[in-house]
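K.L.:
Take these sequences, add in the hints, and give me the full structure.
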Amino acid sequence: MDSAKSNLGSGQKILVTGASGYVGGRLVRQLLTGNFQVRVMVREKRKISGQPWMDQVEVAVANANDYASTEKALEGIHTAFYLLHSINMGSNFDELEATMARNFTKAAEAAGVKQIVYLGGIANDKHISKHLQSRANTGHVLTEGKVPVLEMRAGIIIGSGSASFEMLRHLTHRLPIMTTPKWVSNRTQPIAIRDVLWYLSHAAALEKPVDGVFDIGGPEILSYADMMQTFAKLSGLRKRWIIKVPVLSPGLSSLWIGLVTPVPTALARPLVGSLISEVVADPEKSLNGIIDPPPEGLLHLAKSIELALSKISAHDVETRWSDATAQPAPWAKAQNDPDWAGETTYRDNRSLIIDLPSEKVWARVETIGGETGWYGAGYLWFLRGLLDRMFGGVGLRRGRRDSDHLRIGDSLDFWRVEELEPGKHLKLYAEMILPGKAWLEFNVEPVIEDGKTKTIITQTASYSPRGLGGQLYWYAVLPFHIFIFPTMLRNIAKSARNT
1 MDSAKSNLGS
11 GQKILVTGAS
21 GYVGGRLVRQ
31 LLTGNFQVRV
41 MVREKRKISG
51 QPWMDQVEVA
61 VANANDYAST
71 EKALEGIHTA
81 FYLLHSINMG
91 SNFDELEATM
101 ARNFTKAAEA
111 AGVKQIVYLG
121 GIANDKHISK
131 HLQSRANTGH
141 VLTEGKVPVL
151 EMRAGIIIGS
161 GSASFEMLRH
171 LTHRLPIMTT
181 PKWVSNRTQP
191 IAIRDVLWYL
201 SHAAALEKPV
211 DGVFDIGGPE
221 ILSYADMMQT
231 FAKLSGLRKR
241 WIIKVPVLSP
251 GLSSLWIGLV
261 TPVPTALARP
271 LVGSLISEVV
281 ADPEKSLNGI
291 IDPPPEGLLH
301 LAKSIELALS
311 KISAHDVETR
321 WSDATAQPAP
331 WAKAQNDPDW
341 AGETTYRDNR
351 SLIIDLPSEK
361 VWARVETIGG
371 ETGWYGAGYL
381 WFLRGLLDRM
391 FGGVGLRRGR
401 RDSDHLRIGD
411 SLDFWRVEEL
421 EPGKHLKLYA
431 EMILPGKAWL
441 EFNVEPVIED
451 GKTKTIITQT
461 ASYSPRGLGG
471 QLYWYAVLPF
481 HIFIFPTMLR
491 NIAKSARNT
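Position one of the sequence shown corresponds to residue 1 (the working numbering), numbered consecutively onward.
One thing to keep in mind: the hints can contain errors.
[As the list claims (entries may be wrong)] Computed cross-link-like contacts, EDC-like style, restricted to lysine to aspartate or glutamate with a CA-CA straight-line distance of at most 20 Å:
{"#": "1", "residue 1": "Lys114", "residue 2": "Asp211"}
{"#": "2", "residue 1": "Lys106", "residue 2": "Glu71"}
{"#": "3", "residue 1": "Lys45", "residue 2": "Asp66"}
{"#": "4", "residue 1": "Lys494", "residue 2": "Asp355"}
Read the hints as simulated data drawn from the structure, not as lab findings.
P.N.:
So, in structure tokens, the structure goes:
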């Protein structure tokens, strides 16, 4: 088979699904660098409105569960990247993934797509997890149509912001001595996100369509314990003491990881399930001769970790595992419900005039959350985050992509940036588990008072309850709001004065 062109972009139009996710968001930028024409398929345009490449792509608003919108998104497309998954969508995620894949491949065939490229996970072990089995099954379903499917199966992806890297990083940092299940000794073949993007972007430039399953992995085969020791050494930490025990099931392991790392239990469970299997590439499924490795070679684990850490230190994390919208609690309404669906909206509205330029005040607002915290009542925020984790939510540990700047779609602890007008307005949507929907807004604007230019900051907490339980929740937390929200405003002002 012909190998990929070296000059990449060939004038053919490429579709990227999952563009608001970790791999998809980076692939779009890689393809644009390679001079491809790119269309992205997203369920909601606002999710990617803060991306730096937004004005360089076509945007198709579609849902893979809806045939008509999917077929329209695929019209005129030569190569379609299928980067969708549902592992954070409940216990029946495998059924959802199969349904989406079946719908997508039928729509691709009807639209005349020439090539589908799908990124799955290495599944060569006889005993594979439900997550890896679903990934493999998705690839099989995609091949039910007539469009050739190039399925790449990757090992653990190492890169700044990836869920696997964050899990590795925080486990190693926070547990100098750890009791671990036996899966830490299983063999795995991690691969740098840089190399995953190399293979994916070059798949868009193939001379002829390719149909087949191929494994992609880094140059090393090692255990998860080896990965933790490598990370510790590169981070200047002492060697970790790892005590293996046979009693920790995947369920217990994921609960433990959910408590120690920013990765919530719901996402940790399929990741841990994958580690129970050996995730090693099959040499007979190599892409060599179709897409050759990067000229400088595939990155070793140590170099992958160093690169990821340097990106984090430089605040240059393009995408994070948390970029994709979290699944709401089963009893919560969808975010796009009609205005009348909630019936009642409760608000806590406060404002403060500060004798400072609006730019200084906005700078403090934009750095909220993450390492900065929530400007007071830290123990109450901690308890709310812990409670959220206990009920399967994301908790506070997701942090933020960049410590100084936000963009629409960013996750921010257990919030997500829904609206952003730099220097003026920030609106956060709550992704914590709630019997309803909640928002937190900040507005910053200059005002003239006593002949002087000052700044008024307005802070509004809004809540739309679901049923009686939702209303009772509002009144239960109201006493805490009376303490938390005025404290936030005062400390934002204090921080602005001190910088």
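K.L.:
Compare the structure with each hint and give your call.
P.N.:
Hints, verified against the model:
| no. | hint | in the structure |
| --- | --- | --- |
| 1 | Lys114 with Asp211 | holds, 11 Å |
| 2 | Lys106 with Glu71 | holds, 8 Å |
| 3 | Lys45 with Asp66 | holds, 16 Å |
| 4 | Lys494 with Asp355 | holds, 11 Å |
Consistency with the previously given hints is maintained throughout, with no hint failing.
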